[in-house]
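If you want the building blocks of each chain, they are given just below.
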Amino acid sequence: SPQELAFQARIDRGEKIEPKEWMPEGYRKTLIRQIGQHAHSEIVGQLPEGNWITRAPTLERKAILLAKVQDEAGHGLYLYSAAETLGVSRDELFEKLHSGAMKYSSIFNYPTLTWADMGAVGWLVDGAAIMNQVPLQRTSYGPYSRAMIRICKEESFHQRQGYSIMMTMAKGTPAQKDMAQDALNRFWYPALMMFGPSDKDSVHSEQSMAWKIKMNTNDELRQKFVNETVPQAEYLGLSVPDETLAWNEEKQGYDFAEPDWSEFFEVIKGNGPCNRERLEARVTAWDEGAWFREGLSAHAEKAAAARMAAE
Amino acid sequence: SPQELAFQARIDRGEKIEPKEWMPEGYRKTLIRQIGQHAHSEIVGQLPEGNWITRAPTLERKAILLAKVQDEAGHGLYLYSAAETLGVSRDELFEKLHSGAMKYSSIFNYPTLTWADMGAVGWLVDGAAIMNQVPLQRTSYGPYSRAMIRICKEESFHQRQGYSIMMTMAKGTPAQKDMAQDALNRFWYPALMMFGPSDKDSVHSEQSMAWKIKMNTNDELRQKFVNETVPQAEYLGLSVPDETLAWNEEKQGYDFAEPDWSEFFEVIKGNGPCNRERLEARVTAWDEGAWFREGLSAHAEKAAAARMAAE
Amino acid sequence: RPAFFEWLCRMGDSTLILGHRTSEWCGHGPALEEDIALANTALDLIGHTQFWLGLAAEVEGKGRSADQLAYLRDAWHFRNLLLVELPKGDMGQTLVREFLFDAWHHLQLDWLAANSSSPRVREIAAKALKEVSYHLERVCDLVIRLGDGTEESHRRLQDALDRLWPYTGEMFTGDAVDATVAGAGIAPDPASLRPAWDALVDEVLEAATLTRPQTRPDAQKGGRQGRHTEHLGFILAEMQFLQRAYPGATW
Amino acid sequence: RPAFFEWLCRMGDSTLILGHRTSEWCGHGPALEEDIALANTALDLIGHTQFWLGLAAEVEGKGRSADQLAYLRDAWHFRNLLLVELPKGDMGQTLVREFLFDAWHHLQLDWLAANSSSPRVREIAAKALKEVSYHLERVCDLVIRLGDGTEESHRRLQDALDRLWPYTGEMFTGDAVDATVAGAGIAPDPASLRPAWDALVDEVLEAATLTRPQTRPDAQKGGRQGRHTEHLGFILAEMQFLQRAYPGATW
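Residue numbers (our numbering), protein chains in the order written: chain B, 1 to 311; chain V, 1 to 311; chain X, 1 to 251; chain G, 1 to 251.
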């Protein structure tokens, strides 16, 4: 339709689409799915790191981890707000998360088993997230783009903190170095999976790229991540758990092994190590918080009625 | 009445009263209260020690502690059975415990704060319990007397295990010795309170003594306990937290300070450190176990109905 | 000086343990705003702990650090109020606990920032005061709204209040350490803060339609002298695991 | 020899951690008889642990004791099944877990007592077998009665079964360690126990009117190789506290 052509032209010119403006239904739906899933990932993503707050090894590390988890909740808030501008409420999105109708990033279905995982999550998981998110600062939808700009600033800070934990562990006692290596072994492939399956197997990619909801292909971003991360691992004195890893002079990047995509799809299906616990934790928090939310609403109604009566 | 006189004569001759035999209502009621309270004490008494099972410092100590807590549940079972012969069911007694109508020994309202408390509880608390219970092996009510005989055998074993923990701690590192002393400091007066207020303030004593439900006065037993325990403390190299403690050659026993009876009555009233938690733990266990008990009953009924139908 | 060290541990241990309990909510709060606020509160409290225990370590002068005080003392060497070590319970218990504590904490810091004879204490208190003013404001608001919310939210808050009340007296019960520190002008006599605390608590409870318990407020005490509840040992087992399991490692 | 050590740790760590979880019920059971039975089961399991880890320590030959293996290894060195480290849940989860484990444990011990090429293993297994026969008998009986009890008891047991099923495959999944140990005739090939386990489980589930889950039984694994759930770290922080906090002390 002419409307759609005009819309696409705006995007092609690099204009931002704002909430009240016309947009194709598919654009709106795709954005809601993508922003919602991202918001859910921030919320569920509190859990694997929250798991170590009470056991953080120093007061300083505890404070940093608390600040980080707080930031994640804050990112959730920005993103749910961005989604709300598309006409879907936070509670509706929560309901879809809780019923399993919407997903969150599968990386959070892996457990955090040692303190080194706080390093690996910051370094690799936030690192991969940033790789995904930096281009999204230029996405076509205004509120989403602005949320991404705020989020990226904080995420790169988190990644540096994660790398600092890895550095301390890798240069620490033999047991600490073992822990660091073990964390890298466990998180390497799940981090690679964060970019999604190879583009040739990815369904929604083409249209999303045209709409500038997706800015790069999965494989491009994965390659970029490997290129940046491998030298960081070397600097730590740790080995990437991939025997096929090798520098390819021609493409000016590393050749590397694909993750086990059957594992990826198993985790998506709910058979990951922590799927059940993560979702249960969120549903329990929500259900047990019902009286709290209802109490606040009831008070707000009473207060509003009192104001009305006074007027 | 002549019946009562004949009953008293039997007791005076040292005969045992058995369940189906005639007994004054007061005798029955007093026994139910006393046996029930003792049974409740065994059950609630699992909690302060259960608190350290998961943290026992060696596999051997863990096994010993588990065996002890298991014995306590077993003692509860004997005692509830003895009470049942007086016409009161275990469930009725539980209900009275849960509603606060019946008490358990106040000593279990004190917290167990270090591993040394496992020693102090065995040594002092079981020690005081034995002092109370040994004479009750000769009590006039047959089932109670026989329960006491079984229980006393195991309790003295527990006391020796407790003393062995104290010994190991007292001869251990300086920190362990401090812990042992601290445990003695905290449990000394509560253990003295276990014998109840001084006889002159004790309400039910006289009749109970005549019925041989109570065999010694509170003060007699307390004195005996102090006389036996002080040398044990000395052998451990620990100080009893009583500056007035002194050997009295004339009475061939120690002079010692009375516990703070106002604290005793505060704890009885429910203001002890753990009253709320202990009772809550029991009530929660009972309430959350309702489905379990109901499931077993329902199955028993089905099975009985099936047997009937088959006959 | 030993009394000053002891008193600093009492301040720092209370913020540490309350920070720990508060942080247990991370990711499990009833609303996103609450998740953020609780993490922020915990973060502030851990920050205060770094200051108080840092100064305690200096005053002690035995070369221990704030981390060593936090991670290498066993329960009987901890000096926190019993109130802060109780389980987090539901959000009602968490909020009422924070309210009862903050009402005291704010008065304490206010006095310290203005009057303490120790410049270091004044400085720490002044920094912490800003954050705690905000905590107090937020929690009073929530207590009022939930107390005067639904029947259930009212009941939960009243239950929490009844449950926690016997632990409040400890904040105002002085001992020899307090007398020494008050004598040196470092800190107020604990009892002196009671009237202002009572007034604030009564005001908030009234607005919240909650009833001030008639039970003894001082039934439970001993934490500031190292006699704790059974809960603290479990907190420390968890909190101190890494420092205990890998002695001497740098993190 | 390293494989034998590894295998012994797998046996001992599983009994240790299941004993720990079972002991969490002490004083909190739904009936007095259950309190006694659970304490007794935990006691037996800790006893087995002493044997298995004692032998493991000997086989390792580095002068470590059973206690040192139990109390001074961190989570990633533990080799227990994931199944046994999951939270105790309600009594339904506790019983179904014990049922699924005992059904395997009994077959394993039965094979070991009769066929192991190691006389020490035969001896330990023979002792443990008697106790585990009793555990299995008792738990099968309870699963049947509660499965075929009320609607609620049925629902709770079915929920527990569905929840735990993905962890059962780990008992039958061999790796290089198992192959070496089986090759030496010390222990059976894990997969070989599956048919008998399936038969017993099916029989009991049928009598209990419970439905065998159709989900993958092998979705969750890694415990026997040291990749655990997030729960184990908390278990160990608690269990090991005293040994970690007071290194070298005698208890």
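It cannot be assumed that every hint is accurate.
Beyond 12 Å from chain G on every Cβ pair, some chain X residues (computed) [as the list claims (entries may be wrong)]:
id, residue
1, Phe4
2, Glu58
3, Arg73
4, Ala126
5, Asp141
6, Gly183
7, Glu238
8, Ala245
List of simulated lysine-lysine pairs, DSS-like, C-alpha gap at most 25 Å [as the list claims (entries may be wrong)]:
id, chain 1, residue 1, chain 2, residue 2
9, B, Lys29, B, Lys96
10, V, Lys177, V, Lys29
11, B, Lys177, G, Lys88
12, X, Lys88, G, Lys88
13, B, Lys269, B, Lys96
14, V, Lys212, V, Lys200
15, V, Lys177, V, Lys20
16, V, Lys224, V, Lys153
17, V, Lys177, X, Lys88
Keep in mind the hints are simulated off the structure, nothing from the lab.
Cβ atoms here follow ideal geometry from the backbone N, Cα and C, with glycine treated the same way.
Evaluated hints:
Remark: the non-interface label on X:Phe4 is consistent with the geometry, its nearest Cβ contact in chain G lying 27 Å away (cut-off 12 Å). Look at X:Glu58: its CB is around 25 Å from the nearest CB on chain G, clear of 12 Å, so calling it non-interface holds up. Consistency note on X:Arg73: stated as away from chain G, yet its beta-carbon is not over 12 Å from all of that chain's, at 10 Å minimum. No Cβ of chain G comes within 12 Å of the Cβ of X:Ala126; the nearest lies about 36 Å off, and the non-interface call holds.
With a closest Cβ-Cβ approach of about 34 Å to chain G, X:Asp141 is found to remain outside the 12 Å limit, as its non-interface label requires. Annotated as non-interface, X:Gly183 keeps its C-beta farther than 12 Å from every C-beta of chain G; the closest such distance is 35 Å. With a least beta-carbon separation of about 5 Å from chain G, X:Glu238 fails to lie farther than 12 Å from that chain, contradicting its non-interface assignment. Under the 12 Å C-beta cut-off, the non-interface status given to X:Ala245 relative to chain G is violated; the minimum distance is some 5 Å.
Between the alpha carbons of B:Lys29 and B:Lys96 the distance comes to roughly 14 Å, so the proposed pair stays at or under 25 Å and holds. Restraint check for V:Lys177 and V:Lys29: not satisfied, since their Cα atoms lie roughly 46 Å apart, outside the 25 Å limit. At most 25 Å may separate the alpha-carbon atoms for a hinted pair to count; B:Lys177 and G:Lys88 exceed this at roughly 33 Å. Annotation: proposed proximity of X:Lys88 to G:Lys88 holds, straight-line Cα distance about 20 Å (limit 25 Å).
Of the pairs offered as hints, the one joining B:Lys269 and B:Lys96 holds, with about 16 Å between alpha carbons and a cut-off of 25 Å not exceeded. Restraint check for V:Lys212 and V:Lys200: satisfied, since their Cα atoms lie roughly 19 Å apart, inside the 25 Å limit. At most 25 Å may separate the alpha-carbon atoms for a hinted pair to count; V:Lys177 and V:Lys20 exceed this at roughly 53 Å. Restraint check: the Cα-Cα separation between V:Lys224 and V:Lys153 comes to about 19 Å, which is no more than 25 Å; the hinted pair holds.
Distance check on the hinted pair: V:Lys177 and X:Lys88 sit about 33 Å apart at the alpha-carbon level, beyond 25 Å; violated.
When the structure is compared with the earlier hints, violations turn up for hints 3, 7, 8, 10, 11, 15 and 17 and for no others.
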